[in-house]
Structure formats: structure tokens, C-alpha cells
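S.K.: Chains as they are written, first to last, in the numbering used here: chain A, 1 to 399; chain B, 1001 to 1350.
Please keep in mind that the hints were generated in silico from the structure rather than gathered at the bench. There's no promise every hint is true.
[Stated by the list, open to error] In silico PhoX-like cross-links for lysine-lysine, where the CA-CA straight-line distance does not exceed 25 Å:
1. 1189/B - 337/A
2. 1179/B - 181/A
3. 1234/B - 1179/B
4. 1044/B - 1088/B
5. 1234/B - 1189/B
6. 1090/B - 1309/B
7. 1218/B - 151/A
8. 151/A - 1189/B
9. 1144/B - 151/A
[Stated by the list, open to error] Computed far set for chain A versus chain B, every beta-carbon distance over 12 Å:
10. 17
11. 51
12. 63
13. 94
14. 106
15. 121
16. 160
17. 206
18. 266
19. 302
20. 330
21. 352
22. 391
[As the list claims (entries may be wrong)] Far from chain A by the CB rule (all over 10 Å, computed), these chain B residues:
23. 1168
24. 1230
25. 1324
26. 1331
A virtual CB, placed ideally from N, CA and C, is assigned to each residue, including glycine.
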Amino acid sequence: MATTDTMGSSQEPPKVALLNDPKVRGLIVQLVLLAAILWLVWNMGVNAANNLAAAGIASGFGFLENTAGFGVNFSPFIDYAETSTYGTVYLVGLQNTLIVAVIGVFFATVIGFLVGVGRLSNNWIIRKISYGYVEILRNIPLLLQIFIWYKGVLAFLPGKREPMSLGIFGSIDVSAWTAPKGIPGEGFKFVIYTLIAAIVVSIFIGRWAKKRQMATGQQFPVFLTSLGLIILAPAIVFLALGSPLSWEYPEPGRFGLRGGAAIPPELIALTVALATYTASFIAEIVRAGILAINRGQTEASFALGLRSGPTLRLVIIPQALRVIIPPLTSQYLNLTKNSSLAVAIAYPDLTSVFAGTALNQTGQAVEILLMTMLTYLALSLLTSLFMNWYNSRMALVER
Amino acid sequence: MCNRTIEKAVLMKNKLVSAAIGAVVLGAASTAAGAATLDDVKAKGFVQCGVSQGLPGFSNPDSDGNWTGIDVDLCRGVAAAIFGDASKVKYTPLSAKERFTALQSGEIDMLSRNTTWTMSRDTTLGLNFAGVNYYDGQGFMVRKDLGVKSALELSGASVCTNTGTTTELNVADYFRANKMEYEIVAFEKADEVVAAYDAGRCDVYTTDQSGLYAQRLKLTNPADHMVLPEIISKEPLGPVVRQGDDQWFNIVKWTHFAMVNAEELGVSSANVEEMMGSDNPSIKRLLGTEGDFGTSLGLETNWAANIIKEVGNYGEVFAANVGPETPLEIERGANALWTKGGLQYAPPIR
């Protein structure tokens, strides 16, 4: 025993042939594998291009510059007309997918947290309702739910020529939810700038207040101050500039309301279906996260004199989030990908207008499907990246 | 039963498109496009025909899953020409979106699915149109209580249609040209379009006029709806085959021409046996009692006689599927023979 020790420490490690060095060997194997994969992918691409050329099918990405020639009924942020290019169609589709995803994720999170906490409520009725919600919604296929919501929306809403008024929220009928549309006038951009500035200042106030509380123990009413700042500052600027905003009101025409801002019923049905469905999964994740926290944490917090509100907010949730965030990320990804079911109910998302209509008009299936797949992949990876960053911020910092 | 078949078909078609894309990428396409389709068809014993997911009068499954329609009869005609048996056809129901991919990949042998012949489809998709078996044009259907009498009064209307069709482009052109506003609501499946229009989501339903008559039958109250007089486009509908197989292209093309020629010469499924003894040289050449026209197609000499015996001439097919005696009640109009003021015209067999 002793002899081997001294031998090992006093001598250089034995010289090995380069080929037998495990490090070099591993590297070579991996390089060969990588080369093989690249070769395969390259060949698939060349083969596809050759086949398309041999079969007389157009290929390449030049079609993105061509005029699309068809209409899209919903594009709130991008100017779209029939004379736009297929490239614009792609952007419009992406925009509409993002709209559904963002609204859907927001509502799914809110409903999911409420139902998840409701599952653990001491109130029998709330507990049972939450239980029923989860079990019913997560066990029915999403496509059916989208259809049910869409048919329901169409059957429930009044006809185009007798819209139902929603007071200050405009009016709704079977073809759209219509509201007056604000048209920014001269100088309205300063109101937006003020709003952004107010939000930035609020973030700094929050940081400063936290630092001060850590140092001195004094609290500062951050929420009320920020709220006042974010609402009041832009309002003052708005009034000082003489209210630079005019409204375009929807006018009744022969075929119902025209003008104003309109949200199609397809968007409403799709968002509601996606949000409620995903919320049922999020509820279970939230419940699991809360149950994962030892009961002793709550008791210890009570013993320190915290009431149940701050206990939940300061002790339970921050710890539960560590368990919740990773599976929550998967649900966000699911929601974004599931939004492609929009094609069933005529909502013009990426799959519907780009991988649908544009594909059919150009016939360039390989290019368009490749672009669509890469887009969904990029969206998912970005969501993952963000959530991983948030997760690492929330993770237990070991000291 | 009917629903079951369609559901199955829908499941199949989803697989089909991915398979088709896979085939294009991995290299099966080159063999599919290059090989002699006729040999493949003879070897497997049936024609694989792409049809619609259900359009009455054109291609529609009945409650027993049997397909009927003017497009279906063209497929049956091809089968009759090859095998002497019109029943040797298998059908693949396809959405407007999937139809070309299915043909390009070799999943189907021919596409007979109320498909409009356009230049870009003919030149960029690697496909060939083999003729026109129905001259159609795009029209509009509205509720009668709107009081609209002309398509020019439709400014501000929302319009329901199918995605991935020429109708979507035509409607955009028409409204733009007439400086009218509109909202397009495009669904993937024809049944969804009908349901949404029926529910009042749209004021207008637009597609080929023949389709409007056919889909009107599916509405809750067909009598409350009317088809506007305007036709805003040329929609020559016809069968499609893959580019690069001229023999197969000829077979499909001449199957249609044989049916048109038969009508012109007065040969029908009822009198074809009798006509075999005719002295008229044109009829003799059509029925194969004189000359050797079938072999140049790679078929038997009695190829056309089989088509007429098993399926009928063009006039019979039209009358049985879409004519005035059927629920669709469509007049021959542009689809009458050229001798009767229509557009149906076939080159002579000689």
C-alpha cells in the first residue's frame, strides 16, 4: 500500500499512445459522429433540392418577396393589405400567434394560481369547485374545448345587426367585439414616454425601499407610490398637452358595425379555451408546489408573529416557486404550441395563414414548414431561456 | 357510418401530409415522379384517387361510404379504361390544403377534386392539369333578408371561405378592384365554413358557384339563402396528374375526352352494346371496333367502350350528379357540348 503511494506520487503518469488516450479518443469519436450527422443533414438538403428540381417544383426563399394577394382579417400592429408580400404574411402570422400566447399565458397563470390555491382552501365549496374545474378541463381534449367555446360564442352572441352594448367597453356581436379606437394626436408620444419613465422610476423606488428596509427595518409604501406615479404622471402630461387623443367610434352600417377597434370572436374563443385548459394543469402544479413546503414553515412563520397573508407571500410562495417554475415553463410552452390549433376556427395565426394559406398559394411546403417549425422552436427556446433565468434567480442560494 | 369513414379519412390525411413532406426530403419523390404510374396501378390493381372531403355532386360519400359525383366518375372512368371495371378505385379524401402535396409525393395516382386550373399551379407545382371536366366560376351566397341584389352592394361585409383556395385570392381582387371593404374569415374545412356562415358569423359565403348550390343543401334553412348573379372569376375545374409521366397524363386526359366524344356521338351506357355494330367510322374508332387507339395509351382497344359501359358519357354523368333532376339543380350552361353552345369540346379520336 505504502509503496504504491510513493511510486505514484514520485513518477510522471505513464506515457500512452495518442490513440489510447481516453480524452483524445472521446474527442475523435465525437467529431466523427458530428461529421456523420452534418453529412446526413447536408445530403437530405441536397437530395430534397434535387428532387424538387427534378419534379419541376419551385424552391428557394424568393417567394417571400412576392405579393400575397389574399386578405387577413386581424392584424392590430402590422399594416397588412392584399398587396403585401408573403414575408409580411409571415410577420402577421407570428404577431397573431404571439398575441394569443401572451394573453393566454397571462390568464392561464392567474386562473391557475387561484384554482391551485382554491384546491387547498379550508372552504368546502371552493375546494370542491376547484377540484371539479381541474378534473373536467384537463381531461377533455383541447381541440374539442376550442370548438365548444367557438360554437358557444357564435350561438350566444347576438346577430351582426343588433349588437349588445357593453357600456364603456364598446359592444359585442357575433362577428366582433367592437370598441372606440383611440387615434393618437400630436404629442401623444410624450404621454407614452412619461409612462415608461414612471415605470422605470417605480422599479428604482422598489429597490431603494428594499435596501432601506434591509438596513433600517423601516417600510415604505412602494405599491401605492408606484401606482400613483404610473397613473398620475402620464395623466398630468396628457392634460397639459391638451388631451391629444381622438376617438374613432364604430358606426352602424348595412352589415353591422364598421370602424373602431375590433376583436374577432375567434381570438376570444381561442384565448379562453387555451387559458382555461392550461390553467387546470397550472393549478395542479401550484398545489403541488405549496404542498411541497413543510407545514413547519407556516408554523414557524406564525410563531414569528406574521399573519397568514405575509406568511403566504413571504415564506410559502417564494419557496413553492422553486418547485413550481420548471413545470410551469412546460405549460407555457404547451400553450404557445397549442395555439396552432387556431387553424380549426379560422383565427389567422402563423400555422393558419403562413403554413396554411401561403403554403397552398405558393406550393413551397419544405421552405414554409421549415420556417414555421424553426419559429415555434425559437419561441419555445426563448420562453425556456427566460424561465430558466427566472428560476435561477428564485433558486435556493446556498451559503 | 358516413361520419366514421370521414373521421378515419381525416386521421389518415394528417399522416399523409407528414409522409409526403418526408418523402420529398428523403428522396422517395424522385422515384414517385419518374416511374410509370400505369405499371404501378396495374400492379396494385386499383387507382388511388384524391377527392374532396365531401362536396355533393362532385365527390361525396353516401351513408354506406360509397363515393359518388362528377369528379368520382372521372376516377371510375380511368379505372374502367385500365381494368374494364369502374369499381377498382380507392379514394383519399383531401382538404384543399393537402391535395397537391399528396399528389406530388405519389400518395395518390390522380387528383380529381374540383381543382381550379391556374398558371402557377400548372407551372410551379410539378403537376399537369389533364383537362376541364367542369367549367365553374366563383359566386356569392347571402341571406335573402339582407336585401342584397348584387355583389357590388357588399362593401363592409364579412366573407366566409376556405383557406388555400383560389377563391380567397379572387375575393380579394374583386373587392379591391371595386374599392369595397371586407373582412375575410377563412376556415380549413368546407364544413366549418358552412357552419360558421349558418351561425351568422359572416354575411357572405363565397366559393365556386357549383359549390354554393351544393353547400346550400347543408344549411338549416336552404330557402332563406340566395346565390347572387355575379360570377367573379373563371374556375376551370379538372383532374391533375404528376408532371413527367406522359403516358398516365394521356390516359387521364383521354378518359375525359372519350366521355365527351361519346356524348357528342350519341353513345351512352344504355346503347353502347348496340353501337358496337354501328357503321359510323367515328363511333367505330371510339369503341375500338376499328383502328388501334387504345394500345397507344398502353390499354386495350376497347378502353373507351369500357368507360361508357361502366360509367356513361359526359352528359349522363352530369345529369346523374349535378343536373336539373338532382338536388343541386344546375343547368348545363357553360358545360354543354360545343355543338349546343357550351364549352365542352374534345379533340377527335383518329
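S.K.: Look at each hint and say if it fits the structure.
M.R.: Results of checking the hints against the structure:
1. 1189/B - 337/A: holds (21 Å)
2. 1179/B - 181/A: holds (23 Å)
3. 1234/B - 1179/B: holds (21 Å)
4. 1044/B - 1088/B: holds (10 Å)
5. 1234/B - 1189/B: holds (22 Å)
6. 1090/B - 1309/B: Distance of about 20 Å is within 25 Å: holds.
7. 1218/B - 151/A: Given pair residue 1218/B, residue 151/A holds - Cα atoms ~17 Å apart, limit 25 Å.
8. 151/A - 1189/B: Given pair residue 151/A, residue 1189/B holds - Cα atoms ~15 Å apart, limit 25 Å.
9. 1144/B - 151/A: Distance of about 23 Å is within 25 Å: holds.
10. 17: At about 41 Å from chain B, residue 17/A clears the 12 Å cut-off, so the statement holds.
11. 51: violated (4 Å)
12. 63: violated (9 Å)
13. 94: holds (17 Å)
14. 106: holds (26 Å)
15. 121: holds (39 Å)
16. 160: violated (7 Å)
17. 206: Its Cβ never comes within 12 Å of chain B, the nearest being 44 Å, so this holds.
18. 266: Check fails; 8 Å does not lie beyond 12 Å.
19. 302: Holds, since 55 Å exceeds 12 Å.
20. 330: holds (24 Å)
21. 352: Given a closest Cβ separation of 7 Å, the condition is violated.
22. 391: holds (34 Å)
23. 1168: violated (5 Å)
24. 1230: At about 17 Å from chain A, residue 1230/B clears the 10 Å cut-off, so the statement holds.
25. 1324: Given that every Cβ of chain A is farther than 10 Å from that of residue 1324/B, nearest at about 33 Å, it holds.
26. 1331: holds (31 Å)
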